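> Residue numbers (the working numbering), protein chains in the order written: chain A, 457 to 605; chain B, 60 to 335; chain C, 337 to 673; chain D, 3 to 290.
Errors might be hidden in some of the hints.
[As the list claims (entries may be wrong)] Label pairs and their calculated CB-CB ranges:
{"no.": "1", "chain 1": "D", "residue 1": "230", "chain 2": "B", "residue 2": "220", "range": "56 to 66 Å"}
{"no.": "2", "chain 1": "C", "residue 1": "369", "chain 2": "A", "residue 2": "597", "range": "23 to 33 Å"}
{"no.": "3", "chain 1": "B", "residue 1": "204", "chain 2": "C", "residue 2": "354", "range": "47 to 57 Å"}
{"no.": "4", "chain 1": "D", "residue 1": "98", "chain 2": "C", "residue 2": "412", "range": "15 to 25 Å"}
{"no.": "5", "chain 1": "C", "residue 1": "513", "chain 2": "D", "residue 2": "44", "range": "35 to 45 Å"}
{"no.": "6", "chain 1": "B", "residue 1": "126", "chain 2": "C", "residue 2": "553", "range": "24 to 34 Å"}
{"no.": "7", "chain 1": "C", "residue 1": "520", "chain 2": "D", "residue 2": "290", "range": "52 to 62 Å"}
{"no.": "8", "chain 1": "B", "residue 1": "323", "chain 2": "A", "residue 2": "494", "range": "53 to 63 Å"}
{"no.": "9", "chain 1": "D", "residue 1": "210", "chain 2": "C", "residue 2": "553", "range": "50 to 60 Å"}
{"no.": "10", "chain 1": "D", "residue 1": "27", "chain 2": "C", "residue 2": "593", "range": "22 to 32 Å"}
{"no.": "11", "chain 1": "B", "residue 1": "132", "chain 2": "D", "residue 2": "237", "range": "40 to 50 Å"}
{"no.": "12", "chain 1": "B", "residue 1": "305", "chain 2": "C", "residue 2": "354", "range": "48 to 58 Å"}
[What the hints assert, rightly or not] Restricting the straight-line Cα-Cα distance to at most 25 Å, the calculated cross-link-like pairs of lysine to any residue (SDA-like) are:
{"no.": "13", "chain 1": "C", "residue 1": "470", "chain 2": "C", "residue 2": "364"}
{"no.": "14", "chain 1": "B", "residue 1": "208", "chain 2": "A", "residue 2": "557"}
{"no.": "15", "chain 1": "B", "residue 1": "80", "chain 2": "C", "residue 2": "556"}
Since the hints were derived computationally from the structure, they do not count as laboratory data.
Bear in mind the structure is a predicted one, so any value in this text is a computation, not a measurement.
Just so it is clear, CB atoms sit at the ideal spot from N, CA and C, and this is done for glycine as well.
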Amino acid sequence: MSEPFEPKIIAFVCTYCTYAGADLAGTSRLKYAPNVRIIRLPCTGRISPMFILKALQKGADGVLVSGCHPGDCHFTHGNYHARRRWMVFRALLDFIGIPPERVKYSWISAAEGVKFAEFINSVTEDIRKLGPFEQYSQLIGDTQAPASL
Amino acid sequence: MSIEQQYQARAKELLSGGAVKMVIGYGKGTTGNRRRPIFISSPDDVGRLVLDDSCIINLSGYLVSEGLLSDEKRVAVFLRPEGIRAINILAAESQLDADQIVIFGFDVNDNELRALKGIHVEEFADVIGSIRENNPGFADKELLEKIEKMTAQERFAFWQEEFAKCIKCYACRQACPMCYCRRCIVDSNQPQWVNTSSHSLGNFEWNIVRAFHLSGRCVECGNCDRACPVNIPLRLINHKMAVEVLGAFDHVAGMSKTQEPVLASFKKDDSETFIL
Amino acid sequence: MTKILLIDKLDNCVERWKAAGITVIGPVHRANISVYAAVEHASEFDFGLVLPDRSIKELFFPQTEPMLRYAIKKDTIDTIECMPPSGPRIIFGSRACDASGMAIDDPLFGWDYKDTYWFQRRNESVIVTIACIKADDFCMCTSLNMEPDSTKGSDVLLRPLENGKGWLVEELTDRGQEAFTQIAEFLQESADAPAQTAVVEKKFDLEASVAWLQKPENFDSRFWKEISMRCIGCASCTYLCPTCHCFDIQDEGDTYSGVRRKNWDSCSFALFTMHTSGHNPRSTQSARWRQRIMHKFNYFPGKFSVNSCSGCGRCSRQCPVDMGITETLQEISKLSL
Amino acid sequence: MTENIYNTQPNIYKPAIMKIVARQDEAPGVRTMRLEFLDPVDHEYFKQTFRTGMFGLYGVYGEGESTFCVASPETRKEYIECTFRQSGRVTSALANADVGDLITFRGPYGNRFPIEEFYGKNLLFISGGIALPPTRSVIWSCLDQREKFGKVTIVYGARTVADLVYKHELEEWQERSDVELVLTVDPGGESPDWKNRIGFVPTVLEEAAPSPDNCIAVICGPPIMIKFTLISLKKLGFDERNVYTTLENRMKCGVGKCGRCNVGSVYVCKEGPVFTAAEVSCMPQADL
Chain A
457 MSEPFEPKII
467 AFVCTYCTYA
477 GADLAGTSRL
487 KYAPNVRIIR
497 LPCTGRISPM
507 FILKALQKGA
517 DGVLVSGCHP
527 GDCHFTHGNY
537 HARRRWMVFR
547 ALLDFIGIPP
557 ERVKYSWISA
567 AEGVKFAEFI
577 NSVTEDIRKL
587 GPFEQYSQLI
597 GDTQAPASL
Chain B
60 MSIEQQYQAR
70 AKELLSGGAV
80 KMVIGYGKGT
90 TGNRRRPIFI
100 SSPDDVGRLV
110 LDDSCIINLS
120 GYLVSEGLLS
130 DEKRVAVFLR
140 PEGIRAINIL
150 AAESQLDADQ
160 IVIFGFDVND
170 NELRALKGIH
180 VEEFADVIGS
190 IRENNPGFAD
200 KELLEKIEKM
210 TAQERFAFWQ
220 EEFAKCIKCY
230 ACRQACPMCY
240 CRRCIVDSNQ
250 PQWVNTSSHS
260 LGNFEWNIVR
270 AFHLSGRCVE
280 CGNCDRACPV
290 NIPLRLINHK
300 MAVEVLGAFD
310 HVAGMSKTQE
320 PVLASFKKDD
330 SETFIL
Chain C
337 MTKILLIDKL
347 DNCVERWKAA
357 GITVIGPVHR
367 ANISVYAAVE
377 HASEFDFGLV
387 LPDRSIKELF
397 FPQTEPMLRY
407 AIKKDTIDTI
417 ECMPPSGPRI
427 IFGSRACDAS
437 GMAIDDPLFG
447 WDYKDTYWFQ
457 RRNESVIVTI
467 ACIKADDFCM
477 CTSLNMEPDS
487 TKGSDVLLRP
497 LENGKGWLVE
507 ELTDRGQEAF
517 TQIAEFLQES
527 ADAPAQTAVV
537 EKKFDLEASV
547 AWLQKPENFD
557 SRFWKEISMR
567 CIGCASCTYL
577 CPTCHCFDIQ
587 DEGDTYSGVR
597 RKNWDSCSFA
607 LFTMHTSGHN
617 PRSTQSARWR
627 QRIMHKFNYF
637 PGKFSVNSCS
647 GCGRCSRQCP
657 VDMGITETLQ
667 EISKLSL
Chain D
3 MTENIYNTQP
13 NIYKPAIMKI
23 VARQDEAPGV
33 RTMRLEFLDP
43 VDHEYFKQTF
53 RTGMFGLYGV
63 YGEGESTFCV
73 ASPETRKEYI
83 ECTFRQSGRV
93 TSALANADVG
103 DLITFRGPYG
113 NRFPIEEFYG
123 KNLLFISGGI
133 ALPPTRSVIW
143 SCLDQREKFG
153 KVTIVYGART
163 VADLVYKHEL
173 EEWQERSDVE
183 LVLTVDPGGE
193 SPDWKNRIGF
203 VPTVLEEAAP
213 SPDNCIAVIC
223 GPPIMIKFTL
233 ISLKKLGFDE
243 RNVYTTLENR
253 MKCGVGKCGR
263 CNVGSVYVCK
273 EGPVFTAAEV
283 SCMPQADL
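Build the full structure now, drawing on both the sequences and the hints.
Structural data, given as structure tokens:
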């Protein structure tokens, strides 16, 4: 019998808002899906699209990226820069054939513990429905495969 | 006098007067319709310059060769409108001083060669502006539409087949005037962001990274497309990204030498419909 | 009377070889380029190509291949060799330049230490070359003292018939003979004349060029800078070259398991020779182009008595800025007058 | 199909596994590790083939391989010692490895110092900074059979006192009556209690003025030091053919295939790393 599919999800979050929001969710004893591994960064401005690619390269089924609401950035405008980058990167992934549902973006503040828990739960459910990211797993599998000719 | 002769004469004048130290132009190639980049430093050699509708390569990338402009002397270069836009971007990204560049502008419309008037990049604002108006006529609209109609899965399969051909020769990168980094991200190994191997994952990642780094910067000169020895439709991805950037940020790359790079600037009211 | 193979019978041959467990490979079109690849039917072949875009090299030395797999355990490390898929192969419809390229690289891969990956594939392959009846502006085998019907590196040479209906068969080696014995019933005796082989114009004076390259003072000649000024430093010439053999070794994986791979690498990249300290013995593009030419026509023949160039002309044909070995040696020929 | 016309050999890219049995910090960022073979077959091969001057490819799976010399002498083959500076991806991984950890080793590769030809001669070792390890292999190979050689002089310099490697061995050599050790640091690199010389290696060498008669010189160091030391040796009257040095280039395969280490027609991995100054002077200097 095969085990039920549990998606592996990587979250890149900024330390000032979303990570604090996650903290709040924790201290408020909110339950949320355990499928997400959080990676904390100083600011969404630091979340390079390379990180998202790296997460996929290492076998993530979904990636989520989250930071301070516009106007709330600790560094005043890191999240505005990030927003533009995501906009473009998202379009690129879509054109290349990586379903946009696999990479999600959100603003979650330090006060939004509930939103954090709900966001994690809904993303996990969405990815679970999508199933394993088989196409990418195929690419990863190719790196292990013996030469074909 | 043909445009070729006019430009030869102008090159001779600039070189003999010392106004420029070098003219980067086109010379005869191996076969009848091939043109190769040539570098003229002596007024006696201007006869080697060729200008016709086979002059396609965007020569602007040579301007950022290590040390070329560091003596603050001027360099002249043959450029099509895309090449002129490339100068704007290079100047906007502080890679060169646009005042050092003397432009021999030309364009080909309906197989007819015409000279573009002007010397420095800002004098070509009209020509470049018109590109913005009649969004560059991209050859393979058909293929683009076909891809856009595909499902995500089909698109993934389409690009995987194309990228599978990639041999990681980096001709696309080396031919691109916008890829001027002294050390490309794929050449960094601590950490190793992208697999250097040219297996399907490594190729896929490399092509995503390349396209992303050119988003909002590509002038669609087609150097990458022509350089690719395995015929991956690279320009198509760049074009698609240009369309996206135009739609999202009303930005066309290379409009002026003071234009802010699209991904190094922002507006507070940028669209964010996709953010939850 | 000699043996001929008719094109009509080729599909029978492919069937027969495949039935015998042999992988049949040849020039085909794949996603907008031409390559040597495995086929199911003879109809997939395109023998009309001057030569495929990509060389035969990748059948013996692929752009990336796993060499070792590792597994790190508590008290030991397991290293598992990943050998190429084993099994006989027939490369049908190679060109003389491609086939000789493989023979040129044999001594390098066997230089004291034998490269098992290369030799396993070499040992299991039969190369059936078709003599060229057409050439393009970039072909230059004759400049390297070879011909469109040279036999070096080939196991069988096929000469196209004048009537275009098939090929005259010349078995050159035991392996070639063995492969063709299996399809003997599809061969026939005929007196048909072979077509004229392609006329490839001699483009440079090899002997004079080599003599120039061998003079130590020419290493520092201004020529190198001038000829390579437009080189953009990509690797398309080296990667498409049938004889360029340089590679990189890269690990992919994590602390516990992964793969060590052998990847193509190129002398045109600055990183190729860069020391960790930042010192780079070949720090300029002209030094790197000089290395490529010197290596092919001076250093390599010095070690293995053969030029590391088989005259396919892919370097010039594919160069984004119209450079290549032909032009460089033409210019050197002029210098050495 | 037909019989194998190519000999098959063991896979040349498959490394031996070695265990780190000791490690020692030598200078900031510089570390020495002592390694032992896990597999006796690999050890036996090493014992049979290793001669002083040869190098190896030390690796950590997942990171890659890095080339440096075997710093231990050919007279002590129970283990391998290597000394490296942490500077890139592989050396960082090696530096992170602890005693008891396993690493990979390929080799020994390359040529060697022909020390039989040095019998009965005076020896002059000149070395700078992190380049003492290759010299040290020769030094101990000779000191372990001290009676076969004449006078032994070692000139070693580093940028600062802290940068001197093998400090404990330097003390040992200093105390030996059959070795003359000349230690120096670059001007400004001395510590308050530094009692040895201050100055660049070539200058110090000229001051020490060893006699070129019946003498073999072995020099290892950064390219700039080698360049000026060769000039000094010439001034002192040394014949280029009696001066040995090692070249180091980036390598991947170590066995003459991957194509990056050559200087002119010379493959450093196969025909080097040991060359006489006369041989080096025939190479294209721009490619060094």
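> Next step is simple, just say for each hint if it's right about the structure.
Hint-by-hint comparison with the structure:
no. : hint                        : in the structure
1   : D:230 <-> B:220: 56 to 66 Å : 58 Å, holds
2   : C:369 <-> A:597: 23 to 33 Å : 25 Å, holds
3   : B:204 <-> C:354: 47 to 57 Å : 40 Å, violated
4   : D:98 <-> C:412: 15 to 25 Å  : 19 Å, holds
5   : C:513 <-> D:44: 35 to 45 Å  : 42 Å, holds
6   : B:126 <-> C:553: 24 to 34 Å : 25 Å, holds
7   : C:520 <-> D:290: 52 to 62 Å : 59 Å, holds
8   : B:323 <-> A:494: 53 to 63 Å : 28 Å, violated
9   : D:210 <-> C:553: 50 to 60 Å : 37 Å, violated
10  : D:27 <-> C:593: 22 to 32 Å  : 31 Å, holds
11  : B:132 <-> D:237: 40 to 50 Å : 43 Å, holds
12  : B:305 <-> C:354: 48 to 58 Å : 52 Å, holds
13  : C:470 <-> C:364             : 18 Å, holds
14  : B:208 <-> A:557             : 18 Å, holds
15  : B:80 <-> C:556              : 24 Å, holds
When held up to the earlier numbered hints, the structure conflicts with 3, 8, 9 and fits the remainder.
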